[in-house]
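S.K.: Could you slot chain B onto chain A? The hints should help.
The chain contents come next:
Protein chains: 2
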Amino acid sequence: MKNKKAIVLLSGGLDSTTVLALAKSSGFQCYTMSFDYGQRHRSELNQAQKIASSFGVVGHKVFNIDLASFGGSALTDGSIGVPEVLSEGIPVTYVPARNTVFLSLALAWAEVLGSADIFIGVNAVDYSGYPDCRPEYIDAFERMANLATKSAIDGCVMTIHTPLIALTKAEILQKGMALEVDYSQTVSCYQADSDGRACGKCDSCRLRKQGFADANLEDVTRYL
Amino acid sequence: MKNKKAIVLLSGGLDSTTVLALAKSSGFQCYTMSFDYGQRHRSELNQAQKIASSFGVVGHKVFNIDLASFGGSALTDGSIGVPEVLSEGIPVTYVPARNTVFLSLALAWAEVLGSADIFIGVNAVDYSGYPDCRPEYIDAFERMANLATKSAIDGCVMTIHTPLIALTKAEILQKGMALEVDYSQTVSCYQADSDGRACGKCDSCRLRKQGFADANLEDVTRYL
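As they're listed, the protein sequences go chains A and B.
Take our numbering: the last position of the first sequence gets the number 224, and nothing is skipped along the way.
Take our numbering: the last position of the second sequence gets the number 224, and nothing is skipped along the way.
With the rest of the complex left out, here is chain A (with noise of 0.2 Å):
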């Protein structure tokens, strides 16, 4: 294990910086990208930038990809509000083939840096029901991924590894907190404002609101 390249999807929230110490821990070297993608929560970028300078990774690189051009998603089109209400189905804040692009993009970076680890901090326990979530999807990339490169076939496995996929947001936050994890760094608002603060009001603040409450943590968000 020790002194393993691994590529770990680094937002800057909460999920994706305790999956940051959790590849750190386990001995990887951890390379993070985070993605501009046209996102309303661009704040996201700069404590992502924060978080993988303070966990020392060995490389941190933010891809530009322009998902806004498609559109159809709250989170990258700008006349579509973020619901502040509990809503049936899959919600507005959904955009589209998110994961499979990022996936496929740390794929290629992973490929090129001879890593044969990705990890993402996808969870579908306390989570929206993006259908990018969930241990089948993930299974599948796993599964294409491993027919897709000249890695492939040249023998290398690649593994998606999804730490948090069963967890309570409690639990994450319970592992987290033994790693030692700043949750004050991290940035999950949909709308967080230009200096990191939290709506309080979203899916995203109120999955992670109750998530302290049933850890009995105190909520270190940065509330606007």
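By construction, these hints were calculated from the structure, which means they are not laboratory data.
The beta-carbon is built from N, C-alpha and C at its ideal position, and this holds for glycine as well.
Check before you lean on any hint, since a few could be wrong.
[Claimed, not checked] Here are some, though not all, of the chain B residues that point toward chain A, as calculated from beta-carbon distances under 8 Å: (1) V82; (2) M144; (3) L147.
M.R.: Below, chain B without anything else, positioned relative to chain A:
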């Protein structure tokens, strides 16, 4: 079939142009997608634009995606030369995870457009051995795509169409000629000049030239 929307990946080369002709002749409303990914043969983008116009597509999108920032390929790294002699195994013109990234972005656009059909001109007969051109890879991508999106949850079944996958280059040319494709417009060369003129020496030129010969067709390629 009539009036269904399809995304067609269009590089401006012989194969993808034939695919566009086939998709259009099948009655699809075609939306073409090209990628400015840092390739050395960027003149193919101009040709793709012209080809899209000549086919009267409903929409044409040029998506910027900086795969050159990863490096690792003769097509995106100026310091790695394009080989002009055949070598064993997968050549250095392989671009890490390229088709996975392209298909992921096509999937995102398809979902927003309400399309369930993506066309790609991969070929596993007269090809360079790229892993992401094989049928087993395409099948795995399609399976993943059908777990990845809100559309899939809503019951939309995505098909990745690969009408050329089992054809020889000569057979591809014959199909295209029957649909009156003007192959002089297409650019396949890995190191075409800014006017789209071909070197005649790289792997891609070699396969194309042999295709014209095998099909007993005049080679209309514009060479340097």
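S.K.: Hint by hint, which ones does the structure fall short of?
M.R.: Number 1 only.
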